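Once you have looked at the hints, place chain F on chain R.
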Amino acid sequence: MAKIIIVEDDALILDDLKNSLSRAGHTIIGSFAKGENALIDIEKEKPDLVLMDIKLEGYIDGIETAAIIKFKYNIPIIYLTAFSNEKFVERSKQTEPIAYLLKPFSEEELIKAVDKALNK
Amino acid sequence: MNIWALPPLISSIISIFILLYIFNLDLKSKFNRIFFLVVIVSFIWSFSEFNYRVTNDYQVALVWTNIAKIWIFILPLTFDLILTFVDKKIKNKILYYILLYLPIVSLYVIDMMNLVMSDLVKSYWGYSYIKPANPYFNAIYLILVTVICLLNGFLSLYYALKRKRIKDFIFLFAIFLPIIVGILTDVILPIFLKILVPGLTTACFTITFILIAIIIKKYNLFMPDLKKSIETILLTMSDALFILDTDFKIKIVNKSASDFLEYREEEMLNKTILLFISEKSLTHFIRMIKFAMQHDYIIKDEEALFLSKNEEEIPVSFSCSVIKDNNKQIIGLLLIVRDITSRKKLEEILEITNESFVNIIEKSIEGIIIVDKSLSINYMNPIAKRYLNMLEGEILYRFPYDNISSYSIEEIEINIGNNEKGIGELITIPTKWKKNDAFLIIIRDITTRKEIEKKLISSLKLKENLLAEIHHRIKNNLQIVMTLLRLPLRFSDNPILKSILLDAQFRIKTMALIHEKLYKDENFFEINFKDYIIELTDFLLSFFQMQKDIKVELSIDDVNFDSDTSISCGLIITELFTNSIKYAFNNKEDEKIITITLKKENNNFTLIYKDNGSGLPEGISLENINTTGLYLIKLLAIEKLKGMLEIKSENGLEYNIYFSITDDYI
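Residue numbers (the numbering used here), protein chains in the order written: chain R, 158 to 277; chain F, 268 to 933.
In isolation and in its complexed conformation, chain R is listed as follows (with noise of 0.2 angstroms):
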């Protein structure tokens, strides 16, 4: 099973996440509600994935976040975002995402996404 970091800022969100992912039998290694922290966990634990939201507390929002992570350590990211709109889109696309999770989703869409970005 996968090593996961999650980004969200939404605490109850957040604990549904891993509580669904945990249950598929990931592993949780971090979850931060700001971008800068969560780039610090990842340097050290180098996780298999990052489930990240795109309007995050810090000083960098998701996407920002995400282009790092995506760069530096080449690790699969799966945005989870209310925003769906165009210029979003065109934004994060740089990222190269495996997918996107457009809110609200339901448990099924998260484990079928996680899968599906493992097994790339």
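Hints are computed from structural coordinates only; laboratory data are not their basis. It cannot be assumed that every hint is accurate.
Using 30 angstroms as the maximum straight-line C-alpha spacing, the simulated DSBU-like pairs for lysine-lysine come out as follows [what the hints assert, rightly or not]:
1) Lys717(F) with Lys244(R)
2) Lys191(R) with Lys787(F)
3) Lys855(F) with Lys269(R)
4) Lys787(F) with Lys250(R)
5) Lys160(R) with Lys765(F)
6) Lys273(R) with Lys859(F)
7) Lys269(R) with Lys797(F)
8) Lys859(F) with Lys269(R)
9) Lys787(F) with Lys227(R)
10) Lys273(R) with Lys765(F)
11) Lys787(F) with Lys212(R)
12) Lys849(F) with Lys273(R)
13) Lys250(R) with Lys730(F)
14) Lys787(F) with Lys273(R)
15) Lys175(R) with Lys229(R)
16) Lys175(R) with Lys787(F)
17) Lys728(F) with Lys212(R)
18) Lys730(F) with Lys191(R)
19) Lys175(R) with Lys849(F)
20) Lys273(R) with Lys797(F)
21) Lys175(R) with Lys765(F)
22) Lys730(F) with Lys212(R)
23) Lys269(R) with Lys849(F)
24) Lys797(F) with Lys250(R)
25) Lys765(F) with Lys269(R)
26) Lys818(F) with Lys269(R)
27) Lys250(R) with Lys728(F)
28) Lys787(F) with Lys269(R)
29) Lys722(F) with Lys212(R)
30) Lys244(R) with Lys721(F)
31) Lys273(R) with Lys818(F)
32) Lys244(R) with Lys787(F)
33) Lys728(F) with Lys191(R)
To list a few chain R residues with every Cβ distance to chain F over 10 angstroms, as calculated [what the hints assert, rightly or not]:
34) Ile185
35) Gly187
36) Glu193
37) Asp198
38) Glu200
39) Glu202
40) Tyr216
Computed from a predicted structure; not experimentally measured. For every residue, glycine included, the Cβ atom is placed at its ideal position computed from N, Cα and C.
Leaving out everything else, chain F in the frame of chain R:
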């Protein structure tokens, strides 16, 4: 009656008619007078010839032949007529007339003394002279007559060839005809060939007169008499005419003058013209006419105010020139005065109109410029000068924007005062200026409008962003709701609870998809229903695809619904879809098909959901509902959509929902 007497008789009658014709035209012209005399002489001659041809009495014939001797005066008169016809000026008239008439008078006297012809002889055409009396006088007479005739002939031939005009050639023929016939019948035939023939000269002269009369008529040769013409002009001219002496006293005045000043002619004569001029323009008038006299100058179209009898001022334009005698001494002044009251009134109206027009244009808040095709400025109002940032008194010769074209509208930078820049709208309209093609350019200050537009756009953008943010937050919150719904499942394995919470998640997802579409398409009020149903069924299929192998067929008309209608229809489809998947196909081995159809007819819609499953479970009908799903469907179809619900359970299950929507949302 002797038939040979007829030609002179006809000639004399025609001569009378010609005389009357000329008399009626004008006897004051020189040509007219000479021609009149020629015809009179000719008439006497032909009438005498008729009489001595028709009579059998020798004595009577003798009297008439003596009268007929006057014919010889036709020769100098014809010569004079030719010179008058060609307008030849004679310098020494006395010598001219002596030279012309003295030989003829001499010949006439000789003839009257019976020194040319001897006696009368009666021939078959009547009495005539045959034999010469004194051979010397006879020879002199004949030679002189022939010479003058030939002189007349050559003179007219010379001018005809020189001037080469048709009327000159007709005149030449008219002169030549009696000369040739006369010389032939009266000289060559009887004297040289000894053949006696009746004279036809008078008849030929008649033809001559007719031809001359035709020329007179056709070419209007009679010039009107100058004095008579002047009198007519004075009487009929609309302008007032005054002839003044050197003391400015009125000597002659025409009818128009007395009409417009309302004085009788005698009231004006011998009075100074200055009495009839308003004090306001007296100095100017005196200066003008004195200038005309001192410098022999023609004053034209000067304006002054004349005074009528009832002291009313009449605006006039006057022209003035001096009149001189033969010694070139100034003897008076010719003053022509035109009443310009109407013109002045018109000018006044025009001036007022023009003033108003200029006032409007000059005070317009829009810049107005007229440029010709080469973009040279013909006119610009003050505000246009300000917009184009011109200094006070500066003249701009060329319009500073090159790319103007008819009916174009473009935005330019303008000066809106105090060196502040603004935005101007430059409108170009083709027009005419002083009869030439030109452009009317209007510059309108749209700075404020642009600022408002900018604010509006900014405000609109802000609202759009806010709406996008709201939709984003709704979706985020829906995720939290779904999370909360999943939370109890962590602590319970109850399958019924799991099913209820799963259904609730589907319903939330159905609504979230609406927000997703509204937000994504940036149309915050309506969504394309077909696209929405495709995404919804994709989601549902994707969720259930590991469990079921179901084929979904969609036939949805292209319509846009507002979010409320979309949510209602979406929830109905979600409920029916999950029901079909959960219950309808449980024991089905062959192909499982779900068909969703939306038909639009005007404002009426039919939503049909159909599956080929096991149909409605026994004991369940619209009247007897005992499931949440069916209750929700009925609630949405009847209460929310204000429609009708129909359920059929043949070869599966079929739901027909009929509803209408106002135009606002279609």
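- Task: Report the numbers of all earlier hints that the structure fails to satisfy, in ascending order.
- Result: Those not satisfied: there are none.
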